[in-house]
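Here is how the chains run, residue by residue.
There are 2 protein chains.
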Amino acid sequence: HVDEEVTLCGWIQYLRQDLFVILRDFSGLVQILIPQDESKSELKNAFLGLTVESVIMVKGRVRRRPEGQENKKMSTGEIEVCAESMEVLNTCRKLPFEIKEFVKKSEALRMQYRYLDLRSPRMQYNLRLRSQMVMKMREYLCNLHGFVDVETPTLFKRTPGGAKEFVVPSGDPGKFYSLPQSPQQFKQLLMVAGIDRYFQLARCYRDEGSKPDRQPEFTQVDIEISFVDQAGVMSLIEGLVHYSWPEDKGQINVPFPSMTYEEAMRDYGVDKPDTRFGMKLVDVTTAFQGSQIEFIKDALLKPSGCIQAICVPEGTVRTESGDSHSYVPTPQLNLQCSQCSLISKQINLFKQLFLMAQANAGDLIFITAGPRENVRPLLGKLRLQCAELLESYGVPVRDPSVFHFLWVVDFPLFLPKEDNPEMLEAAHHPFTAPVPEDAHLLYTQPRKVRGQHYDLVLNGCEVGGGSIRIHSPPCPFFSVLLVIRDVIAFPKSFRGHDLMSHAPDFVSEEDLKPYHISVVWPSADIEGQQDNSM
Amino acid sequence: HVDEEVTLCGWIQYLRQDLFVILRDFSGLVQILIPQDESKSELKNAFLGLTVESVIMVKGRVRRRPEGQENKKMSTGEIEVCAESMEVLNTCRKLPFEIKEFVKKSEALRMQYRYLDLRSPRMQYNLRLRSQMVMKMREYLCNLHGFVDVETPTLFKRTPGGAKEFVVPSGDPGKFYSLPQSPQQFKQLLMVAGIDRYFQLARCYRDEGSKPDRQPEFTQVDIEISFVDQAGVMSLIEGLVHYSWPEDKGQINVPFPSMTYEEAMRDYGVDKPDTRFGMKLVDVTTAFQGSQIEFIKDALLKPSGCIQAICVPEGTVRTESGDSHSYVPTPQLNLQCSQCSLISKQINLFKQLFLMAQANAGDLIFITAGPRENVRPLLGKLRLQCAELLESYGVPVRDPSVFHFLWVVDFPLFLPKEDNPEMLEAAHHPFTAPVPEDAHLLYTQPRKVRGQHYDLVLNGCEVGGGSIRIHSPPCPFFSVLLVIRDVIAFPKSFRGHDLMSHAPDFVSEEDLKPYHISVVWPSADIEGQQDNSM
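Quick note, the sequences are listed as chains W and Y, same order. The opening position of the first sequence corresponds to residue 30 in our numbering, with each subsequent residue numbered one higher. The opening position of the second sequence corresponds to residue 30 in our numbering, with each subsequent residue numbered one higher.
A few of these clues could be false.
One copy or any two copies: either way a pair holds, since identical chains are not told apart in the list.
Stated by the list, open to error - Restricting the straight-line Cα-Cα distance to at most 16 Å, the calculated cross-link-like pairs of lysine to aspartate or glutamate (EDC-like) are:
1) Lys309 - Asp296
2) Lys129 - Asp146
3) Lys165 - Asp178
4) Lys204 - Asp236
5) Lys129 - Glu447
6) Lys165 - Asp277
7) Lys88 - Asp32
8) Lys410 - Asp296
9) Lys88 - Glu113
Keep in mind the hints are simulated off the structure, nothing from the lab.
With the rest of the complex left out, here is chain W (with noise of 0.2 Å):
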């Protein structure tokens, strides 16, 4: 645009030397001259009373900046335009935080002035990269694969069962609408309706308070297809995923792999695991066999007893004295244990757990014992934490930069009632079908059937789900859902208008307490003595 005329509006950045003002808008910034001629001392006077984020016109000529003067780091760093007329739009007075990524802000702060705060880079590119693949998503389902975006009302009649919904009263006094928690009512009305293939970018809303990855009201891109079957949705999800994957993220391939929810429990204690990292679940029950630790003892003694571990790499430090033999375990790890100097004892036995756990000198390894269905899960929540803690003391465990979606599927049917572990009620919906090579046991043994449920799983968020739907007693095959959540529930770089802090999800000490203990293994040799430490 060398030589031409502009007109410029947008937000000043910066006032540089009485010489510059850099604009910012949507698409950038860009560096205005400030006249310096003497018949122009009006001009420069009035911007030389701008404040910075005052909103202006500039009406102005583009020229190349001279020779030496250009800036490479700006996508307008070639030119610059000389300002021949400015108007105030908009004068800024003084603001409660400057609009400079560096500049740290209260969660509190940046939600008071959220005009403010969005006018930042970080959060300018949320929004922006959330509408870009929102439409790509659509693009993809709509023109591609030709499903009908159909929008279905959200005042409408409680659902039984599910999260707790808000209510609406209506103009008859004493009748509510209730907010949907999903659309799933009309989905399924619109598949026998003939639609055939259905989706909708789904207002959802549950009266539930806050969580890190999922408010009171979110969206979930809803999806119902009648005539298919678990394989042809989730490769229809991985064509989604992959079509709107933002440039600037990488590459990611498909398919993706695929675990099944016991595998899932057995390697990772939860059913969503993040895969970025190792430190899996080791069952080390046979080397506690015939252990007369007492605890242990017990533990085995119940149903499905069992002892497992953790092997946290360099889950020790070493002390800010450097002395390489005097090893203290991670603060906050440092689980006391009145029983270790009985195991300690046990040289044989400790030989085989640093086998079966893979342990290496200065690793932090965790062992459990107790029912699997409580061992398993608290490992679980253990691991995410011994992360969390080693990243927060500088040690790489997860790569923010890489993106591992998981399939996880198999999941079982049915799950012991919270209140009563004796009763068995659906681990999903009661719709969801089992997998036909499980049918026949659904009157027998009911706990070993599988439903046709697969969630996708993305660094340990479960970012969507769906099942196959039990259209008639004997024939479970008709159509199926996928829920993508909220882009919310994507990875810290993806979210849009959260701001919710991602406070983990800390295992409480009450949680602890019947099951642990911590062994630190303390030396570079494997066969060698237990440190004092201890």
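Assemble the complex: chain W is given as a structure, and chain Y must be docked to it using the hints.
Relative to the frame of chain W, chain Y by itself:
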């Protein structure tokens, strides 16, 4: 696909002569040939046991239909599928109504069995058309014009003024959220936040019962732009409508014609005129100047008193006897008036009246006397009512296949308060900027100040509207909004999930009493005598 093995799933549309099944899915119909071979009698019997609308899966081979048996009306009319196996996915029992266009159903029945009603070709077409139009709108805004799609919260604070809002009890006793009437505040904050170009397909809520063109929850294309003027927004919206316009509805031309509020009120008695037909309002005050008729004299003495008329072409119909001299007024329009005989004596007045109204033989003229602000809206309503009545008698007035888009501009900035006409209130919202040339009248003649507000009208429906905002007292130029109402407000062929009957908002007799007389011009001769039927 001739000679290919295919698997088809769908609904049974017809069963024909024990030979064919017509299967339907979202993409259309296909003919399945039932095997007649003795060896396949089991499969044949399975087909013969089927009921219409049952859901089946058929595997078979595609073949070209025998010569002469092609069906040119069917897109798959050149082929058929020879069934090799069939599975019943769901059996259809007796339905409350047949899924056929020509079977008339009551609205209540359609609503009760919405999932069956939506199977009809018309509803399928509407839902799919809506989805496609909305997708095109998004492409235009997001991909072609750099708009950012931002989802704003729906659990929010109450907005003072405006429509009645739905409330949602919060966890905090005595405190409530409001469901938004529109994302007004959020989008203006987004402008402050530097989003520059925002759009959203926004769900809005008004607790005001259902109206034909506004349901308690509805969706609008919600737009806000920084640094733009009225002409810029209008051309953006013309582009949006043009880009997303469905091919099968014919070409529409941009730019759309424009009319001032004053012109619309003068010619059509309404700010959203249906310009598909004439019957414009005519001021016939001069014809009655000096009239001795008491109520006319009275009316003209009042401030802004006037006499206006509309001429309804062919507004009278012949009786069944065919007697050409025996016209009767269209039923329901035959408003009795004790003063008719008085008027009918004034032949000269009549001559002038008919000339001014450009009336021909068989036309019907309505004359109204009173203050202009009452007379115009009343004749405006009557004009629409006449069009509907004529159409119900088979007289073509409005072509249902044409789409007359129209901008209405230069709205007054203030209107008299409803409960106190001496006072003024903002005609739209209090942050609409005045037209710059009128700004100096703000404190002296506020009634004369025009606002930078504009409405988009389609065939007499307000389908959109917006305004330039006040961003600072002296300079009304900053950001604008354009709201296109939900597709629901489009004419019938565009409606998606709206099934409300469009009961016309008839003028009540109460309304008519103080103002109206009807004059029926009875014979073919404009110079002739009035008919006895008066």
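Taking 16 Å as the upper bound on the Cα-Cα distance, should Lys165 and Asp178 be classified as within, between, both, or neither? For Lys165 and Asp178, the Cα distance is within 16 Å both inside one copy (14 Å) and across copies (12 Å).
Is it within, between, both or neither when you check Lys129 against Asp146 at 16 Å Cα-Cα? Within one copy, since 9 Å is at most 16 Å while 56 Å is not.
Checking Lys88 and Glu113: alpha-carbon separation at most 16 Å within a copy, between copies, both or neither? within (6 Å within a copy, 75 Å between copies)
From the Cα coordinates, with 16 Å as the cut-off, is the pair Lys88 and Asp32 best called within, between, both, or neither? So Lys88 and Asp32 pass the 16 Å test inside one copy only (13 Å; across, 69 Å).
Go through the copies and call it for Lys410 and Asp296: within, between, both or neither, with a Cα cutoff of 16 Å. within (12 Å within a copy, 74 Å between copies)
Reference check for the pair Lys204 and Asp236, CA-CA at most 16 Å: within, between, both, or neither? between (18 Å within a copy, 14 Å between copies)
Can you tell me if Lys165 and Asp277 fall within 16 Å by alpha carbon in one copy, between copies, both or neither? within (15 Å within a copy, 26 Å between copies)
Please work out whether the CA atoms of Lys309 and Asp296 approach to 16 Å or closer within one copy, between two copies, in both situations, or in neither? The answer is within: 5 Å in one copy meets 16 Å, while 79 Å across copies does not.
Regarding Lys129 and Glu447, is the shortest C-alpha distance of 16 Å or less found within a copy, between copies, in both, or in neither? neither (48 Å within a copy, 49 Å between copies)
Hint violations for this structure: number 5 only, all remaining hints satisfied.
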